[in-house]
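Asks: Take a look at the letters that make up each chain.
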Amino acid sequence: MKSPTQIVERPFYKNLSVSFSPHARASVSTERIMWTVVACLMPSLILSMFVFGLQTLVITAVSVISCVLTETISQKLLKKPITIHDGSAVITGVLMAYVIPPGVPVWMPIPGAIMAIFITKIIMGGMGFNVFNPALMGRALLMASYPVAMTAGWVTPIKDLSLGRYFNAGVDAVSSATPLYVLKHYGINGLIEKFGSMSTMYFDFFFGFSPGCIGETSACVLLVGGLILLYKGYITWHIPVSVIVSTALFTWIFGGETWFSGNPILAVLSGGVILGAFFMATDYVTSPNERRGQLIFGAGIGALTVLIRLKGGYPEGVCYAILLMNPLVPALDQWFRPKRFSEGAL
Amino acid sequence: MPFKDCKVKNKANVLPDFPMGGIHPPERKELTEHLPIEVMPDPPKVALFLKQHVGYPTEVMFNLLSELHSPDYYLEDNICKDGACRLDHAEKKQVTIGELVGSTENKIGATLHSGINGVVDGVFDTIHPVLGKSPAIIVSNDGHNTKPSFSTKDWTKYSKEELLAKIKAAGIVGLGGAGFPADIKLNVKPDIFLDTLILNGSECEPYLTCDHRVMAEYPKEIIEGAKIILKILGITRCVIGIENNKPDAIKALENAVKNDPDKMGYDIFIQPLTVKYPHGSADQIMQSITDRVRPSGKRSSSIGIIVQNVYTTKTIYDAVVLDKPLYERVVTISGRGIARQANLLVKIGTPLSEIVEYLGGTTNDLAKIVIGGPMMGVAVSSLKVPITKTTSGVLFLTREEIGEDQKYGPCIRCGFCLDACPMGLEPNNIGVFVEAGKGAECEQFGFSKDCFQCGSCAYVCPAKRPLVQFIGLAQIKVEEAKRKEEN
Numbered sequence: 011m012k013s014p015t016q017i018v019e020r021p022f023y024k025n026l027s028v029s030f031s032p033h034a035r036a037s038v039s040t041e042r043i044m045w046t047v048v049a050c051l052m053p054s055l056i057l058s059m060f061v062f063g064l065q066t067l068v069i070t071a072v073s074v075i076s077c078v079l080t081e082t083i084s085q086k087l088l089k090k091p092i093t094i095h096d097g098s099a100v101i102t103g104v105l106m107a108y109v110i111p112p113g114v115p116v117w118m119p120i121p122g123a124i125m126a127i128f129i130t131k132i133i134m135g136g137m138g139f140n141v142f143n144p145a146l147m148g149r150a151l152l153m154a155s156y157p158v159a160m161t162a163g164w165v166t167p168i169k170d171l172s173l174g175r176y177f178n179a180g181v182d183a184v185s186s187a188t189p190l191y192v193l194k195h196y197g198i199n200g201l202i203e204k205f206g207s208m209s210t211m212y213f214d215f216f217f218g219f220s221p222g223c224i225g226e227t228s229a230c231v232l233l234v235g236g237l238i239l240l241y242k243g244y245i246t247w248h249i250p251v252s253v254i255v256s257t258a259l260f261t262w263i264f265g266g267e268t269w270f271s272g273n274p275i276l277a278v279l280s281g282g283v284i285l286g287a288f289f290m291a292t293d294y295v296t297s298p299n300e301r302r303g304q305l306i307f308g309a310g311i312g313a314l315t316v317l318i319r320l321k322g323g324y325p326e327g328v329c330y331a332i333l334l335m336n337p338l339v340p341a342l343d344q345w346f347r348p349k350r351f352s353e354g355a356l
Numbered sequence: 014m015p016f017k018d019c020k021v022k023n024k025a026n027v028l029p030d031f032p033m034g035g036i037h038p039p040e041r042k043e044l045t046e047h048l049p050i051e052v053m054p055d056p057p058k059v060a061l062f063l064k065q066h067v068g069y070p071t072e073v074m075f076n077l078l079s080e081l082h083s084p085d086y087y088l089e090d091n092i093c094k095d096g097a098c099r100l101d102h103a104e105k106k107q108v109t110i111g112e113l114v115g116s117t118e119n120k121i122g123a124t125l126h127s128g129i130n131g132v133v134d135g136v137f138d139t140i141h142p143v144l145g146k147s148p149a150i151i152v153s154n155d156g157h158n159t160k161p162s163f164s165t166k167d168w169t170k171y172s173k174e175e176l177l178a179k180i181k182a183a184g185i186v187g188l189g190g191a192g193f194p195a196d197i198k199l200n201v202k203p204d205i206f207l208d209t210l211i212l213n214g215s216e217c218e219p220y221l222t223c224d225h226r227v228m229a230e231y232p233k234e235i236i237e238g239a240k241i242i243l244k245i246l247g248i249t250r251c252v253i254g255i256e257n258n259k260p261d262a263i264k265a266l267e268n269a270v271k272n273d274p275d276k277m278g279y280d281i282f283i284q285p286l287t288v289k290y291p292h293g294s295a296d297q298i299m300q301s302i303t304d305r306v307r308p309s310g311k312r313s314s315s316i317g318i319i320v321q322n323v324y325t326t327k328t329i330y331d332a333v334v335l336d337k338p339l340y341e342r343v344v345t346i347s348g349r350g351i352a353r354q355a356n357l358l359v360k361i362g363t364p365l366s367e368i369v370e371y372l373g374g375t376t377n378d379l380a381k382i383v384i385g386g387p388m389m390g391v392a393v394s395s396l397k398v399p400i401t402k403t404t405s406g407v408l409f410l411t412r413e414e415i416g417e418d419q420k421y422g423p424c425i426r427c428g429f430c431l432d433a434c435p436m437g438l439e440p441n442n443i444g445v446f447v448e449a450g451k452g453a454e455c456e457q458f459g460f461s462k463d464c465f466q467c468g469s470c471a472y473v474c475p476a477k478r479p480l481v482q483f484i485g486l487a488q489i490k491v492e493e494a495k496r497k498e499e500n
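From first to last, the protein sequence lines are chains A and B. Per my numbering, the very first residue in the first sequence carries number 11; after that it's consecutive. Per my numbering, the very first residue in the second sequence carries number 14; after that it's consecutive.
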């Protein structure tokens, strides 16, 4: 009970809110979801600064700032409400930086940001109406426009997490080939030779000491972020699990010299499979709503990834696999509708 | 037997649940769940809406004179100035507590009774929470303090028709919120197969505790009322479904069943249910208890079940055994915006201002007044709104409790609403289509008439979209399109 001093006589209630039901709302909001995703992505960036050097931070910052600026300017030009506070442009910026190599020139994310935010999102109708994943469209544009920089900008990882190494001499980036490139051209033995032994290779893949794009190398750190999103209930297990399982399964079947001799663990840990499965394929707007649709969507991404890796011209295929499955989402949503209550009726 | 049978009685540790959708909003029942029902003194005036139930409006029993001026007690500012009909002074009718003031002639409808001793002033347009204004019979208290006396009668000698006539005469409607006249609901055609009566005591809306208190304080009356309904329906099985967050109510009813001296061959048992919103919806409680699913657009009797609210059952007992008409009801007054929370027994037609005054006023931080529960209730801006037969609660909510009023954003297709919808609809797509002006094409996203406005979708929506209202608009557009096609 309140103390009587707080009680006031109010004959007229002029300032009452009379909005419609429900009058109780869950605390979750679009902003909270988006910023949580950004927070879950941050550990990867911190790790990459140690492994690849500080230029990863610069590239990510350029990417985020150019995405946010593109959104502000284009929404201003189109006279739409400015929605940068919801965090979706920041996610796009971070994710786009995560899928480009650490050794590219620092201006590189800018054309990608214009593609990702303006062409893919804003002119499609803004948040909620884009067909393709914006960050991956940005990367696809960069791959098509600057193929040399995008395929040669790899940096040899440094297995030293102490801050002291920044003050040592000779930390210049050393160009190196990605594991998937080595695998494609020299086979599994060439890869093991490169890392020393099989166990070192798995260790490096899992903790992120292999050459690759800025944010995709450490399966361990990405899994922690992904599990937080799962725990929070912001994503469900269906898409990540189906992507990973189908990548592993198809690699095992078709990836080796003979059938059923591929290396599924290597396939899942290398490249952008974990990043794509937890953070890109699960993008709400460009993934199906229904569980069965989500499973098929994820399985399709895995299958296309393996197909591109084994038969395509690129060593890595997660980006294009997701982009190829994106336009199927409206169809999947049409084919798999949620079960209606009365469907089980007598 | 055309249906699957009921679940096993009182399964240990496994509470029945409905499989699809549902949410867990904060219950906030601790404010009032331990407060015994408190009788509020008679108000100076009551306003009895002619239509506070499903069906035709009640017919006024007096000769009315048309009047342009109306007493300003119930009217605010300049709205509702027209349509007032006053009784001639010579004809002013004296009524006592429980006396009939409005009748209904062989139609779907309900009778009205005065809850106070006084004089009928006439029929005036009165502020209504949903309709804006609606005609209501106004009775002014004349200060006579005679209390009606009721004597118990042996109901077992009555026939089905006599029992139904008594229920109709008492003006009983569903007190859970729908307001369907009880005599019409219980008058099932003899060729329809029935096997189970479900008494709905789940009270899943946050804050509300009136059914809870009635179950805890009048368990014998509810069991007796259940037997009356079973006799009317001609069946023997009754399941009382109660959400597991009301252990004292479950205990009280279980004891009442155990200590019932004459079970009359009826099989009544208490079924605790999982705590999940909206367990109190008829579809969900039927599925939860019997595993049967109502086909879209059909009545629950088509799957052999009648669902009745526990509080309605108690008033049926009052009507049949005590001959006491429905002129008062228990209303939960809750929320942190009022000085004192209570489960109040108030006369139907009492304006909110009287209740606020009786409970000591509102607090400074009052932000919203809601009639009903927070999920499905209606926000009102005036304290002149009277209590109706279907008002189960009045909530005085502070800003802290309702959160900031926000503009809604675009749908981000998170799909939370698909997981929350107990009817398997697609609120997200319906919302996007309605916004694009294509509400008529929403049939593909589910049988939108299945929506019973539980608000689960809007509750979970991170973009704070008004999905319930979008679906309502889609329903209207679909109906319009159908009518156009027929013409």
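What the hints contain is simulated information worked out from the structure, not anything from laboratory work. Watch out, some of these pointers could steer you wrong.
As the list claims (entries may be wrong) - Below are the DSS-like pairs computed for lysine-lysine, each with C-alpha atoms no more than 30 Å apart in a straight line: (1) A/LYS242 - B/LYS451; (2) B/LYS173 - B/LYS120; (3) B/LYS495 - A/LYS90; (4) B/LYS477 - A/LYS90; (5) A/LYS90 - B/LYS244; (6) B/LYS42 - B/LYS311; (7) B/LYS490 - A/LYS90; (8) B/LYS173 - A/LYS349.
Asks: Run the structure past the numbered hints and jot down the numbers of the failing ones, going up.
Replies: 1, 3, 5, 6 and 8
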